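Quick note, the sequences are listed as chains L, A and G, same order. Numbering follows the working numbering, with no gaps: position 361 of the first sequence is 1345. Numbering follows the working numbering, with no gaps: position 286 of the second sequence is 1270. Numbering follows the working numbering, with no gaps: position 32 of the third sequence is 1016.
It should be emphasised that the hints constitute simulated quantities derived from the structure, not laboratory data. Treat the hints with caution; some may be incorrect.
Just so you have them, the derived chain A footprint on chain L, three or more residues with Cβ under 8 Å [what the hints assert, rightly or not]:
id	region
1	992-1002
2	1027-1033
3	1050-1063
4	1323-1333
Partial list, derived from the structure: chain G residues whose beta carbon lies under 8 Å from chain A [to be verified]:
id	residue
5	Ala1085
6	Ala1089
7	Tyr1145
8	Asn1202
9	Met1306
Counterexamples of contact, computed for chain A against chain L with all Cβ distances above 12 Å [claimed, not checked]:
id	residue
10	Thr992
11	Pro1061
12	His1091
13	Pro1146
14	Asp1158
15	Thr1203
16	Asn1223
17	Ala1277
These numbers were taken from a predicted model, which means no experiment stands behind them. Cβ coordinates follow ideal geometry from the N, Cα and C atoms, glycine included.
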Amino acid sequence: MRENTVHTTLQQLADLTHANLRGDPATPIHNVAGIQHARTGEIALLAATRYGRFLPTTAASALVVPTVFDPALTNLPLLIAHDPAAAFETIAAHLCPPAPAPVPAIHPTAIVADDATLASGVAIGAHCVVEAGASIGPNTVLRPLAYVGTAARIGAHCLLYPHTTVLDRCVLGDRVTLHSGVVIGADGYGYEQDNGVHVKLPQRGIVEVGDDVEIGANTTVDRARFGRTRIGSGTKIDNLVQVAHNVVIGDHTLVIAQAGIAGSSTLGHHAVVAAQAGLMGHLQIGDGAIVAAQAGVNKDIPPGLAVLGSPAQDIRKERRAMVAHQQLPDLVARVRKLSKLTEALAEKVARLEADAEDNPNAS
Amino acid sequence: MRENTVHTTLQQLADLTHANLRGDPATPIHNVAGIQHARTGEIALLAATRYGRFLPTTAASALVVPTVFDPALTNLPLLIAHDPAAAFETIAAHLCPPAPAPVPAIHPTAIVADDATLASGVAIGAHCVVEAGASIGPNTVLRPLAYVGTAARIGAHCLLYPHTTVLDRCVLGDRVTLHSGVVIGADGYGYEQDNGVHVKLPQRGIVEVGDDVEIGANTTVDRARFGRTRIGSGTKIDNLVQVAHNVVIGDHTLVIAQAGIAGSSTLGHHAVVAAQAGLMGHLQIGDGAIVAAQAGVNKDIPPGLAVLGSPAQDIRKERRAMVAHQQLPDLVARVRKLSKLTEALAEKVARLEADAEDNPNAS
Amino acid sequence: MRENTVHTTLQQLADLTHANLRGDPATPIHNVAGIQHARTGEIALLAATRYGRFLPTTAASALVVPTVFDPALTNLPLLIAHDPAAAFETIAAHLCPPAPAPVPAIHPTAIVADDATLASGVAIGAHCVVEAGASIGPNTVLRPLAYVGTAARIGAHCLLYPHTTVLDRCVLGDRVTLHSGVVIGADGYGYEQDNGVHVKLPQRGIVEVGDDVEIGANTTVDRARFGRTRIGSGTKIDNLVQVAHNVVIGDHTLVIAQAGIAGSSTLGHHAVVAAQAGLMGHLQIGDGAIVAAQAGVNKDIPPGLAVLGSPAQDIRKERRAMVAHQQLPDLVARVRKLSKLTEALAEKVARLEADAEDNPNAS
């Protein structure tokens, strides 16, 4: 198997990055990779010390290293760069150019409602569907098989990947990226019990996404029961995340893969919800708060506090509790031993007391 | 950003809901929202006491309140209603009407097999695919980009949102709603080890979904190895849930976001599996049982029991264990102190015993 | 509701499987099912003893049993087979035949770029999209609504179910199955903080999937920042799994539903990551290592070790810790009792010491 990449030589890459070359300038390079998993014909970056352990075994054909790197450590051809990370990024951009941006046009197989509004520069891919009353802002790209519902409004410079879904009346700001499989605006999960039957509560609100938001593959953001589920500007959401109805997430917040946020919870700005964490409904999570991976949050979090555990508590306390948990069997054994010792002592003391009673004070 | 909603005045909404109006009847209202996040031009509901804390800061232009509400608490225009929740629902239905139901028709871009059976009133959206031998019941709606596999059978009055997938031979009852990204009938995860190679076991069964079932966005329900994976009537499943092969879920059960149920487990009726909970395979979960959020269930649950924790146990026990877990570092410190105290006592007792030995009973 | 299955008699199934028949040979059978949930007209397998408990209540019309089965245990018609599992599989294959393989052809509604390369025997379903420079190997099947991005390379005999997405430049080996909703090659989740703003790091790498890999519905595998995210040959991934950028999974490894693997972690061959487990980034998970369900792994795992818990530790230790956790309230009570006992003892000892002081040694 071979990837579709550009073929070049180490000399060409040295010229491209203004790096010093050590070794054979004709070394063929066609791809970048991590040092641990690189193959012949690939160049790897060795900037952080912790990757040095892969130096003896790497199959890379060359390395990008900082000027402080001791060249005696390897026989591999080297590009010695003042800013190795920037040089490596430049090489990667050269060898792995992104697919060309689609031409602004509506593919003949796309179904766009007559009264939908398309701004200039919009590209709509094959088999897309844009429903009645929807509007798409300037230079926004819908990759093939994207769906935009009735009266939905998409801002400028957005990118909707294949198989994305934006349902009726939902609103995206500018420069929003939705990765494949994202569902914006499915009904919130809300029912009323009537004699053992779950009766659906109409979900009449929308989802509103701010500017510069990126939402990962197969993530779901439900529409509000009333009003808005809102994702603040600059917020980045990873894959397979669940954002329930009426959740409000502030600006520049991070929500990492497989986390879930239950209905009506409000998160501040610059907060972090780590992978697989779960937040109960109707909570207030403060600005800059951090919810660690797999935490289960069942009460409000003040601004700036980091929490861990299920139920979650202050991360410093929970870390100690987790250490103690791992040593629990030792603690149980210790208490058992202590019990026996105490019982034995109690017997001895009883005997001493009995003796004392038998020999009362002579004075 | 503005949503596509109806514009009205507070007077019109008072007339609509037969509520008493306080304040300016000309107040413009174009949307409903929660009191915490409402904006100018929006009306909010203040029915539950706990939302009162948002009264001083709300940006809502008016409130719907109960007759018992003390109007001195705010200067905002009010609609005072006997049943404020019902009045608010009426207002929301008026201001945020759902998109009109699609006309019963087959979109010209839909690919429907010649021998598929479509009942009267069926609407099939753009770019849908309905395979050979499939049947779709009366008044069922397939939104654009829905897929119905070979010989699948969909009941009456169902609603399949964009990008839903119902695979070969699977069966949906009546009034079933599948939200976007739902996959019904992917192969179960079943392999046999043969000398370190995982050999696929054919997944020959189907998924059968009862009546009045709603399944949330990007949820997956796998087909059975043999026979049926079954979702009982009236059961409601949230987003991103995994239901593995041969699982049987009873009627009117709730399965909340990101929960997972492993192969061949059987759930009773009116059970609840809360968010991010996981159930091992081959379990029997009784009627009315409750699995709390993030629980990990590894044994059967009798009817009506609520469980929590991983591994899960009776919720009352686990809650006490969770409290104790959070205080574990204190307990460790306490035991350490107790150890020292006991050791010191042991020394003292040893000394007392030695003294007693030195001064034997004179009698 | 009835499935689309073949109708037959018990005699026909006895002939098909060379089993001995007991009971009415005319018994109509049209489906297979598990013994617990079988219905009239269905035949069930009773091979494992633990399913014997369903014998009194099963609604199956007949059973497949081993030769050692005591026929006095039931009045149901029986097929007595030397290898009952094989006989049952044969019956299931007969009664529930898979949908016929699609004819090798390009559906007229599929959009295939002029410069895409399609090998012989390729079938491309309705509304598929294959972008420029993509190549599809011999006999590979794209079910309807599948998407293959620019310059992606799909091997031979692959099967892409409806609504699958393979993004630009990603590579699949031979005999790879992607279930519906799978997203291969969405951008990895990588940002750099710049004054409180999360700036996207270009994700320039690809996803490379080996041979004989199966990936479950709605699972996401992100492209690498540089180089490759790699899934080894023979590896099987279940539904709703998250595989982050630059993860490398070895051959013949199992990753079960809703598990998540964070960026740059490397898993060996024949490892197992069980359901809902989470792995932090940059870890090394050894060959044959086992991560139990719901575990949270935050450090490397040596080959062959099984871990459990969050944070995960050796499964044998964690099992004891989990037992102790469930008994924590008892332990707390015990320590409290011990404290009181020790205090009482301390008082008594103090009194004995005081007495001893009052009655100094007369010698």
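Going through the numbered hints above, which ones does this structure break? Give me the numbers in ascending order. Of the numbered hints, 1, 2, 3, 5, 6, 12, 13, 15, 16, 17 do not hold.
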